[in-house]
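Asker: Please build the complete structure, drawing on both the sequences and the hints.
The lines below spell out each chain.
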Amino acid sequence: MKIKEVDLAIIGAGPAGMAAAMSAENAGMENILLLERAEYLGGLLHQCIHNGFGLHYFKEDLTGPEYAERVIKQLSGMEARICMNTMVTHLNPDRSLIAINSEWGEFKVLPKSVILAMGCREKSRFSVGIPGSRPAGVFTAGLAQKLVNVDGYMPGKEFVILGSGDIGLIMARRLHLEGAKIKAVVELMPHVGGLIRNEVQCLNDFGIPLLLKHTVSEIYGNDRVEGVEIAQVDSDGRVMKGTERDVPCDCLLLSVGLIPENELSIEAGIELDERIGGPIVDEYLQTNIDGIFAAGNVLQVWDLVDNVSMDGDKTGANAARFVGGGLKIKSSEIKVITGENIRTVTPQKIVGGEEVEFAVRVRTPLQNAELKVGQVRKKYRVLSPTQVIKISLKPSEIESCRETGRIEVSCFEREKGRAHD
Amino acid sequence: MTEEIICIVCPLGCRMNVELDGSEVLAVQGHQCKQGKKHAKKEVVFPGRVLTTTVRTDISEFPLLPVRSNKEIPKDQLMPCMGEISKRRVNSPTEIGRPIIKDILGLGVDIIACRTIPLRLRRR
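These protein sequence lines map, in sequence, to chains U and A.
Here the working numbering is used: the first residue of the first sequence is 1, the next is one more, and so on.
Here the working numbering is used: the first residue of the second sequence is 1, the next is one more, and so on.
Keep in mind the hints are simulated off the structure, nothing from the lab.
Predicted model only: the values in this text are computed from it and were never measured.
C-beta: ideal position from N, C-alpha, C; glycine also.
There's no promise every hint is true.
Calculated cross-link-like contacts (lysine to aspartate or glutamate; reagent style EDC-like; alpha-carbon spacing at most 16 Å) [stated by the list, open to error]: (1) A:K71 with A:E43; (2) U:K146 with A:E61; (3) U:K181 with U:D205; (4) U:K4 with U:E30; (5) A:K71 with U:D61; (6) A:K75 with U:D205; (7) A:K71 with U:E60; (8) U:K146 with U:E122; (9) U:K183 with U:E226; (10) U:K328 with U:E355; (11) U:K112 with U:D290; (12) A:K87 with U:E178; (13) U:K73 with A:E95; (14) U:K378 with U:E357; (15) A:K102 with A:E72; (16) U:K123 with U:E261; (17) U:K183 with U:D246; (18) A:K38 with A:E72.
To spell it out: a stretch of chain U is covered by chain A in this simulated footprint if at least three of its residues, at any positions, have a beta carbon under 8 Å from a beta carbon of chain A; those stretches are [as the list claims (entries may be wrong)]: (19) 49-56; (20) 64-78.
These stretches of chain U come out as covered by chain A in the derived footprint (C-beta under 8 Å, 3 or more residues) [claimed, not checked]: (21) 149-155; (22) 189-197.
Answerer: What follows is the structure, given as structure tokens:
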């Protein structure tokens with residue numbers, strides 16, 4: 001078996017992996033290997049033909065393919081070795097990995113550091129357990145997006161979309177523009193799942209109905225979807241008897257969430273955060289295995305690709321520091337506690353003495369909110385579960401928590417009388 | 001008269017109230033940044049959208065070319081533009097940014113390519 005010794009191996013050449021490769025090279029790393037299972041760079045950006053990408057990272061409003069091409073062109077001027085059509089099949093606790101492609105066959109990589117950038121995948125019908133027959137015409141929204149935007153096929157004529165996540169909303173508009181009829185976007189929660197921008201521009205603009213606190217309770221049809229049953233749900237998400245009604249359609253799209261893709265991480269013994277599905281990391285985005293970092297949607301499903309690229313930037317620079325012996329770890333570690341109204345926080349632990357950037361998701365929408373991280377408080381007019389909030393703490397603000405070994409992140413609505421203090 | 005606009009400039013989604021006298025904007029409330037205020041003013045006077053879609057090609061590896069409008073299109077002209085774009089086919093390699101349809105429907109807006117096909121990696 002061929003053996004490749006490298007300073008850094010990056011698994012996945014989507015926006016996170018590409019940014020990581022460039023950032024590591026800019027930090028002085030020389031021997032970088034970028035492994036990608038597809039035959040092209042850029043990952044899912046190619047099928048996301050809508051705009052709204054890059055507002056923070058490039059300070060420009062780009063479509064997915066434009067964002068991808070911009071990054072690909074930057075990367076193509078660099079030294080990092082890129083292996084396309086290459087599947088990583090195993091990742092070991094000693095950081096070594098096994099991959100396979102048609103040029104080298106099965107080969108072993110011995111990297112001094114690894115960046116996980118495998119991204120995420122869609123939940124399926126079976127993750128949400130919709131009863132009924134199993135006809136053709138049930139698609140995940142992202143698959144339908146690839147069919148419509150890359151391959152040039154329409155998966156149906158009349159659609160019901162379950163889930164109001166961003167992909168679901170964007171597909172509602174896309175299919176409407178291509179002449180399909182969207183009967184309804186159905187959302188279990190009492191609020192829309194995707195960004196508000198998408199609710200406004202994808203549904204409101206075209207009068208596409210949004211049914212909150214509803215679900216699809218059955219799928220009809222033998223060879224092909226003939227319709228679905230839609231019902232209201234109670235506060236626990238259970239179908240309310242007597243509210244069911246049939247909606248004829250030939251296609252059901254599922255936009256019911258994304259899961260970080262961590263099969264390789266699990267095999268290597270990397271600890272995952274059960275709420276997020278991604279590795280538990282410190283502020284350097286390093287996992288519990290020294291020298292293995294995680295960036296982008298493999299770590300947590302981000303709201304914006306800009307944040308994915310920024311993760312890539314961070315991990316690339318940190319991997320370079322790790323290999324150069326410059327990553328300073330303190331002897332005592334601070335545990336990050338998920339407090340009131342907080343769904344998820346990364347990093348889950350603080351191990352160094354530098355500035356720390358937290359990425360926080362709240363549990364429910366909050367107005368006149370105050371986010372509290374340790375002793376630091378920050379006010380927000382509105383906080384929504386659809387966005388990731390980033391907040392940075394200075395070393396001095398972290399240091400006060402070292403004695404107790406814990407720092408809590410919490411969020412609450414300010415009392416009325418104090419709203420403008 | 002006031003109109004409520006949900007801001008789409010960033011994921012914050014500020015709810016803004018725009019006070020109007022005819023088509024003259026008197027005041028904007030509820031915004032948190034300059035772009036938000038600008039958006040609210042524009043949205044009440046000219047609700048425009050960037051149109052993103054695809055054009056069929058005769059190149060077998062890339063059956064579709066992603067395209068966008070280079071400027072915003074009035075909301076009510078999006079569907080007519082889709083009809084116009086569906087008539088077009090691309091049959092040769094294309095550079096990102098190249099106009100595929102110039103001045104679509106006389107709106108003064110071009111439909112431009114969002115990627116280069118085929119994209120060859122430049123390696124040292």
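Asker: It remains to establish, for every hint, whether it holds in the given structure.
Answerer: Hints versus structure:
1. Of the pairs offered as hints, the one joining A:K71 and A:E43 holds, with about 15 Å between alpha carbons and a cut-off of 16 Å not exceeded.
2. For the proposed pair U:K146 and A:E61, the alpha carbon gap of about 14 Å is at most 16 Å, so the pair holds.
3. Restraint check for U:K181 and U:D205: the C-alpha separation of about 14 Å stays at or below 16 Å, so the hint holds.
4. The suggested pairing of U:K4 with U:E30 holds, with an alpha-carbon distance near 14 Å, which does not exceed 16 Å.
5. Of the pairs offered as hints, the one joining A:K71 and U:D61 holds, with about 11 Å between alpha carbons and a cut-off of 16 Å not exceeded.
6. For the proposed pair A:K75 and U:D205, the alpha carbon gap of about 8 Å is at most 16 Å, so the pair holds.
7. Restraint check: the Cα-Cα separation between A:K71 and U:E60 comes to about 13 Å, which is no more than 16 Å; the hinted pair holds.
8. Taking the CA atoms of U:K146 and U:E122, the gap is about 13 Å. The hint holds against a cut of 16 Å.
9. Between the alpha carbons of U:K183 and U:E226 the distance comes to roughly 13 Å, so the proposed pair stays at or under 16 Å and holds.
10. Restraint check: the Cα-Cα separation between U:K328 and U:E355 comes to about 12 Å, which is no more than 16 Å; the hinted pair holds.
11. Distance check on the hinted pair: U:K112 and U:D290 sit about 10 Å apart at the alpha-carbon level, within 16 Å; holds.
12. About 13 Å separates the Cα atoms of A:K87 and U:E178, which keeps this hinted pair within 16 Å; it holds.
13. At roughly 13 Å between alpha-carbon atoms, U:K73 and A:E95 fall within 16 Å of each other, so this suggested pair holds.
14. Proximity of U:K378 to U:E357 is assessed by CA-CA distance (about 14 Å); at most 16 Å being required, the pair is judged to hold.
15. For a cut-off of 16 Å, the pair hint linking A:K102 to A:E72 stands: about 14 Å separates their Cα positions.
16. Among the hinted pairs, U:K123 with U:E261 is consistent with the structure: their alpha-carbon atoms are about 11 Å apart, no more than 16 Å.
17. Restraint check for U:K183 and U:D246: satisfied, since their Cα atoms lie roughly 11 Å apart, inside the 16 Å limit.
18. The suggested pairing of A:K38 with A:E72 holds, with an alpha-carbon distance near 15 Å, which does not exceed 16 Å.
19. Counting residues of the segment 49-56 of chain U whose CB falls under 8 Å from any CB of chain A gives 4; the rule of at least 3 is met.
20. Look at the segment 64-78 of chain U against chain A: 9 of its residues bring a Cβ nearer than 8 Å to a Cβ of that chain, three or more, so the hint holds.
21. Only when three residues or more bring their CB closer than 8 Å to a CB of chain A does the claim for the segment 149-155 of chain U stand; here the count is 4, and the claim holds.
22. With 3 residues bearing a CB less than 8 Å from a CB of chain A, the segment 189-197 of chain U meets the requirement of three and the coverage assertion stands.
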